[in-house]
Amino acid sequence: MDNPYGELPFPRTDMALKAVRFVKGIETPAIFNHSMRSYLYGRFLGEQQGLQPDRDYDDELLFLGCLLHDAGLSPEGNGDQRFDIDGADLAARFLAEQGLPPEKVEVVWDAVALHLHYDIAIRKRPEIALVTSGVGFDLGPDGTHPLPAGYADRIHAVLPRLHAAPVLYETIVGQALEKPHKAPPFSMPGELLRQETQTIWPTWKQLMSQTPGWNDYDGYQPKT
1 MDNPYGELPF PRTDMALKAV RFVKGIETPA IFNHSMRSYL YGRFLGEQQG
51 LQPDRDYDDE LLFLGCLLHD AGLSPEGNGD QRFDIDGADL AARFLAEQGL
101 PPEKVEVVWD AVALHLHYDI AIRKRPEIAL VTSGVGFDLG PDGTHPLPAG
151 YADRIHAVLP RLHAAPVLYE TIVGQALEKP HKAPPFSMPG ELLRQETQTI
201 WPTWKQLMSQ TPGWNDYDGY QPKT
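The sequence shown: position 140 = 140 (UniProt numbering), numbered continuously.
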């Protein structure tokens with residue numbers, strides 16, 4: 001990065017710079033700053049595991065995954081899928097247009113698409129696992145990995161929080177209110193929409209009984 005980010009350890013490759021310009025142009029400042037901070041925390045958490053950038057993982061790919069993980073919350077990324085999948089598709093299109101090799105584009109797609117699914121993402125390669133870890137840490141430190149003294153203050157001085165948590169909530173819910181199919185029941189967007197609207201979700205039996213043709217519950221006698 002150039003001067004605005006000071007000594008913070010962001011990648012300075014051409015691809016990274018192009019991605020910063022792209023994401024900064026489509027996201028709100030609060031979500032952009034959240035994405036940038038997520039990389040710094042993901043990298044930090046990797047170091048806590050003994051992982052070193054460009055030795056144990058591709059640092060540029062980690063950065064791209066973090067930077068683009070909420071692209072689906074931008075107007076350009078707001079399609080007809082959950083925002084994590086919309087964002088993964090937008091990230092892949094952008095990176096492919098910039099000439100990133102397909103095998104690297106796939107890593108970023110996975111990182112963005114899985115960032116809401118911690119238990120899955122954490123089992124993947126570091127470029128994917130650390131995106132999810134960094135994103136979560138920026139929204140709520142886990143308490144088991146204390147940051148170096150003053151590190152968060154230095155990050156927030158350059159990338160202020162700008163009420164990140166409520167901005168993310170309002171953006172996710174706003175998309176879902178306009179397009180409810182983007183927030184299916186039992187998904188994270190669906191839960192936020194339920195909290196906002198107080199909608200009562202259907203039970204498992206109700207969902208299964210809506211399936212035409214099978215009638216699995218007809219004549220069924222519970223064992224207990």
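Please note that a few of the clues may not be correct.
Stated by the list, open to error - Simulated pairs of lysine-lysine, DSS-like, Cα-Cα distance not exceeding 30 angstroms:
1. Lys104 to Lys124
2. Lys104 to Lys24
3. Lys18 to Lys104
4. Lys24 to Lys124
5. Lys124 to Lys18
6. Lys205 to Lys223
7. Lys24 to Lys223
8. Lys179 to Lys205
Keep in mind that the hints were calculated from the coordinates and are not lab data.
Need the list of violated hint numbers for this structure, in ascending order.
7
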